[in-house]
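Position 52 of the sequence shown, counted from 1, bears residue number 1300 in the numbering used here, the numbering being contiguous throughout.
Honestly, the hints are just simulated from the structure, not real lab data. Yeah, the Cβ is synthetic: ideal placement off N, Cα and C, and Gly gets one too. Mixed in with the good hints, there may be bad ones.
Label-pair ranges, simulated between beta-carbon atoms [what the hints assert, rightly or not]:
{"hint": "1", "residue 1": "Arg1350", "residue 2": "Asp1265", "range": "22 to 32 Å"}
{"hint": "2", "residue 1": "Ala1255", "residue 2": "Ala1450", "range": "40 to 50 Å"}
{"hint": "3", "residue 1": "Thr1288", "residue 2": "Ala1261", "range": "33 to 43 Å"}
{"hint": "4", "residue 1": "Gly1369", "residue 2": "Glu1264", "range": "51 to 61 Å"}
{"hint": "5", "residue 1": "Asp1265", "residue 2": "Gly1353", "range": "44 to 54 Å"}
{"hint": "6", "residue 1": "Asn1474", "residue 2": "Asp1303", "range": "36 to 46 Å"}
{"hint": "7", "residue 1": "Met1368", "residue 2": "Arg1414", "range": "17 to 27 Å"}
{"hint": "8", "residue 1": "Lys1301", "residue 2": "Glu1336", "range": "22 to 32 Å"}
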Amino acid sequence: MAKRSKAYRAAAAKIEDRLYAPAEAIALAKEINPSSIDTTVEVAMRLSVDPRKADQMVRGTANLPHGTGKTARVVVFATGDNAAAAEEAGADFVGSDDLVERIQGGWTDFDAAVASPDMMGLVGRLGKILGPRNLMPNPRTGTVTPNVAQAVKDIKGGKIDFRVDRHANLHFIIGNTSFTAEQLTENYATALDEIIRLKPSAAKGRYITKSTVATTFGPGVPVDPNVTRVLPEDDE
1249 MAKRSKAYRA
1259 AAAKIEDRLY
1269 APAEAIALAK
1279 EINPSSIDTT
1289 VEVAMRLSVD
1299 PRKADQMVRG
1309 TANLPHGTGK
1319 TARVVVFATG
1329 DNAAAAEEAG
1339 ADFVGSDDLV
1349 ERIQGGWTDF
1359 DAAVASPDMM
1369 GLVGRLGKIL
1379 GPRNLMPNPR
1389 TGTVTPNVAQ
1399 AVKDIKGGKI
1409 DFRVDRHANL
1419 HFIIGNTSFT
1429 AEQLTENYAT
1439 ALDEIIRLKP
1449 SAAKGRYITK
1459 STVATTFGPG
1469 VPVDPNVTRV
1479 LPEDDE
């Protein structure tokens, strides 16, 4: 086990042996962040699902109201008017056969991929490359769409993609440490609402069994998984 730094251990010592409400956990994670640079704030959850079963796979997207704190690099597989629209929307790379060849050559320096439906026969060749990296365009996440321009705008504007892994864990970012605690809490609430909406009917027992929030270099602060009504206005 790697030895933790003195700053990390000092931060971890400030976490009490209890579960925190989401807003409280996020504020504490910011407060005890051991790094002086602007880092990512991440959430990790354990779900009571069996990802090996198709009817218990949890995968979706959420448009965070305050963005993610970084500008995603987006590639678009499109031709003609769709290609022009994608470029106008701010896509970093747009192409068809040429883009496929570039990726087959080992280039994956991007954060998201979008494709128009007519391009999926071509893009399908990249399944073994993009699939393991969670970059394969998929209708369920809105990345296979005739409106490629809107998909690019959504991703650039703070859309996140989450997918439960084979151990039933779910990871996603809610912003940077430079965000206010209120902004991070609102982003968390938006993502949480979507995760709860996607709860499989086959999932048994408590859906979210464990949750933590942490900065990139900081310790995880345990979040009470029973608290799903995050924002104050929910209680009015």
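For the hint 51 to 61 Å, verify it against the beta carbon of glycine 1369 and that of glutamate 1264.
The hint (51 to 61 Å, Cβ to Cβ) holds, given that glycine 1369 and glutamate 1264 are roughly 55 Å apart.
40 to 50 Å as the expected CB spacing between alanine 1450 and alanine 1255, which holds or is violated:
holds (44 Å)
Status of the given 22 to 32 Å range, CB of glutamate 1336 versus CB of lysine 1301
Hint violated: Cβ distance 42 Å, outside 22 to 32 Å.
Could you see if the CB distance from asparagine 1474 to aspartate 1303 stays within 36 to 46 Å?
violated (25 Å)
Given a hint of 17 to 27 Å, does the C-beta separation of methionine 1368 and arginine 1414 actually sit inside it?
holds (25 Å)
Check the following: the C-beta atoms of threonine 1288 and alanine 1261 are separated by a distance inside 33 to 43 Å.
Given range 33 to 43 Å: violated, Cβ gap about 23 Å.
Kindly confirm whether 44 to 54 Å is satisfied by the beta carbon distance between aspartate 1265 and glycine 1353.
Check passed, 51 Å falls within 44 to 54 Å.
Verify the CB-CB distance for arginine 1350 and aspartate 1265 against the hinted window 22 to 32 Å.
Roughly 51 Å apart at Cβ, these two residues miss the hinted range, so it is violated.
Going through the hint list in order, the structure does not satisfy hints 1, 3, 6, 8.
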